[in-house]
Amino acid sequence: MADEPLILGIETSCDETGVGIVRGHTLLADALASSVDEHARFGGVVPEVASRAHLEAIVPTMDRALRAAGVTLADIDAIAVTSGPGLAGALLVGVAAAKGYALAAEKPVYGVNHLAAHVAVDTLEHGPLPAPAIAMLVSGGHSSLLRVDDLARGVTPLGATIDDAAGEAFDKVARLLGLPFPGGPYIDREARAGDPASIAFPRGLTAAKDLVAHRYDFSFSGLKTAVARWVEGRRRAGEPVPVADVAAAFQEAVCDVLTGKALAACREHGIDTLVIGGGVAANSRLRAMAGQRAQRYGIRVRTPRPGLCTDNGAMVAALGAHLVAAGVRPSRLDLPADSALPLTTVSV
Amino acid sequence: MLARAGGVWPGGAGGRLGWLTVLVLVVDSSTPAVTAALAEVTADGVALRAHRCTVDARAHGELLAPQVEAVLADVDARPADLGAIVAGLGPGPFTGLRVGLVTAATMGQVLGIPTYGVCSLDGIGHPGPTGGTAVGERRVLVAADARRKEVYWAVYDGDGRRIVGPEVDAPAVAAARARELAVTEAVGDGAHRYVDVLGLPLRAEPRYPDAATLVALAAARVRAGAPGETLTPLYLRRPDAVAATSRKSVLP
Ligand SMILES: [Zn+2]
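Chains H and B are the protein sequences, given in the same order. Letter 115 of the first sequence, counting from 1, is numbered 115 in this note's numbering, and no numbers are missing. Letter 223 of the second sequence, counting from 1, is numbered 223 in this note's numbering, and no numbers are missing.
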């Protein structure tokens with residue numbers, strides 16, 4: 001609808017410079033520049049490298065987004081930007097850029113929560129989110145279970161990882177198996193040819209006593225160590241490492257824990273919608289397993305297409321559109337970048 | 001209100017009256033001082049019209065945009081009245097430095113006006129648009145704090161020309177180079193901080209890049225309507241990054 005707000009979103013919390021443009025729930029443009037190749041040789045994202053890349057990429061990425069959407073900044077109703085959580089120096093480039101655009105074009109700016117944006121992006125594919133919903137956000141930087149009652153006002157954290165993020169575990173196991181960074185897509189590909197039942201890897205925080213203290217929390221550090229031990233054992237014995245089987249069994253363990261806890265949260269809260277977002281939500285086994293298991297309980301799983309699961313500007317624009325529609329007030333021009341922005345703060 | 005649109009010749013379209021006025025925004029965030037200022041560049045001068053400067057090394061991101069808004073309000077101008085943007089390119093600690101450059105670049109993009117970069121140390125070492133701080137033939141060392149017990153430094157001759165630098169080194173190294181170059185004075189916040197190591201008489205001001213000087217150093221480009229440039233920061237250091245060893249054991 002033409003009278004829905006036209007919102008621009010800027011995302012720079014990690015290694016992707018994203019500019020997205022939406023009108024209401026309709027995606028008009030999603031331009032992305034990634035510095036992932038510059039980090040690959042370090043086996044992880046180097047903050048200063050990411051920040052430098054954001055500064056170089058922001059203006060051309062904005063140009064591409066505006067051209068793809070066929071609009072100018074004068075047409076935009078508001079600018080949303082990830083103000084946290086994320087890498088401090090990387091966030092700062094996006095926040096300063098959003099302010100520069102807002103100042104020059106005389107538009108309001110909304111500093112928004114990156115994790116809430118991962119939930120909001122699903123509305124671009126599946127329409128308004130029913131309330132309440134459970135959301136699971138899994139990526140290289142975060143692993144969280146949340147209850148979403150009103151996305152414009154705040155979300156309730158239910159649990160999070162107590163050590164490694166899910167995506168981090170994928171990266172570390174990939175490195176162990178000699179697969180490139182980032183590990184997620186490579187593990188996914190290898191696992192297709194492997195037997196998930198060939199090796200019994202542990203499921204962190206699923207023992208009865210852990211389900212009391214850490215009901216909705218995750219732990220992937222023990223799993224990573226178990227995989228390392230198994231692989232080193234084979235190497236020491238001079239035996240070949242069955243990469244596909246290890247990848248499949250590891251992936252199965254991660255997905256088992258993630259879907260198990262997410263669906264338990266749905267059932268125990270009497271909620272019939274589960275939204276999965278973040279880079280790990282692009283994993284094919286996670287998507288399949290969540291769908292199959294949810295069906296048993298009559299729970300609907302909503303997962304954006306893989307391109308919208310990873311960090312992008314469209315998700316920030318989608319959350320911005322939601323905030324504008326809900327009548328939330330814009331941020332002030334002194335809005336800070338906050339690397340530890342809590343989940344309870346949806347907009348600053 | 002400054003009604004003249006940036007870069008437009010007063011007196012009607014196409015009229016060449018021999019003078020023009022361009023309203024220029026200048027930003028610098030290369031040091032603990034966060035600066036936003038507005039200057040009018042005319043055929044024969046540079047006049048500072050509004051100026052905000054806050055010294056706070058930890059809040060560049062919060063402070064700069066409100067200061068830009070404030071200087072525009074001070075002269076009752078709107079962003080569309082700007083004709084050019086001048087930004088200090090550093091050298092400076094990375095995170096803060098980027099705030100000024102991304103602000104300048106994004107505003108320039110929206111407004112369709114050129115952006116010009118100036119080495120921030122020049123805004124300390126050059127005598128400025130009035131020449132008020134010129135000291136004849138004396139050479140001066142400009143030092144800005146680079147953290148990690150180092151300084152960003154450059155050496156200027158008596159006319160304010162940069163003859164060496166910018167570079168980043170320990171203060172003792174900069175001091176040795178300055179002695180070789182027959183420098184007689186030091187200036188800048190890094191000079192204040194390391195006055196004992198540098199062993200040079202201190203020129204008290206300017207401590208941070210001077211806004212009017214930065215505009216003056218870009219004035220020729222503003223007057224000529226030179227094409228804008230991509231604002232590339234003077235980092236002088238490579239990013240800290242340790243390459244991960246391949247297939248490293250993750251066993252405890
Ligand atoms: Zn993310």
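The hints are simulated quantities; they were obtained by calculation from the structure and are not laboratory data. Model, not experiment: these values are computed from the prediction. Please note that a few of the clues may not be correct.
Stated by the list, open to error - DEER-style ranges, computed between Cβ atoms:
| id | chain 1 | residue 1 | chain 2 | residue 2 | range |
| --- | --- | --- | --- | --- | --- |
| 1 | H | Asp75 | B | Arg179 | 36 to 46 angstroms |
| 2 | B | Asp240 | H | Arg332 | 27 to 37 angstroms |
| 3 | B | Gly158 | H | Arg332 | 10 to 20 angstroms |
| 4 | B | Arg162 | H | Glu4 | 32 to 42 angstroms |
| 5 | H | Gly222 | B | Glu229 | 30 to 40 angstroms |
| 6 | B | His192 | H | Arg189 | 37 to 47 angstroms |
| 7 | H | Gly127 | B | Val55 | 31 to 41 angstroms |
| 8 | B | Val55 | H | Ala340 | 18 to 28 angstroms |
All residues carry an ideal CB built from backbone N, CA and C; glycine is no exception.
Now the hints, each set against the structure:
1. Asp75(H) - Arg179(B): 36 to 46 angstroms: Since Asp75(H) and Arg179(B) have Cβ atoms about 59 angstroms apart, the given range 36 to 46 angstroms is violated.
2. Asp240(B) - Arg332(H): 27 to 37 angstroms: holds (33 angstroms)
3. Gly158(B) - Arg332(H): 10 to 20 angstroms: violated (46 angstroms)
4. Arg162(B) - Glu4(H): 32 to 42 angstroms: violated (53 angstroms)
5. Gly222(H) - Glu229(B): 30 to 40 angstroms: Check failed, 53 angstroms falls outside 30 to 40 angstroms.
6. His192(B) - Arg189(H): 37 to 47 angstroms: Distance hint for His192(B), Arg189(H) is violated at roughly 58 angstroms.
7. Gly127(H) - Val55(B): 31 to 41 angstroms: Violated: the Cβ-Cβ distance is about 50 angstroms, outside 31 to 41 angstroms.
8. Val55(B) - Ala340(H): 18 to 28 angstroms: Taking Cβ atoms as reference, Val55(B) and Ala340(H) lie about 26 angstroms apart, which means the hint holds.
Going down the numbered hints, you'll see the structure goes against 1, 3, 4, 5, 6, 7, while the others check out.
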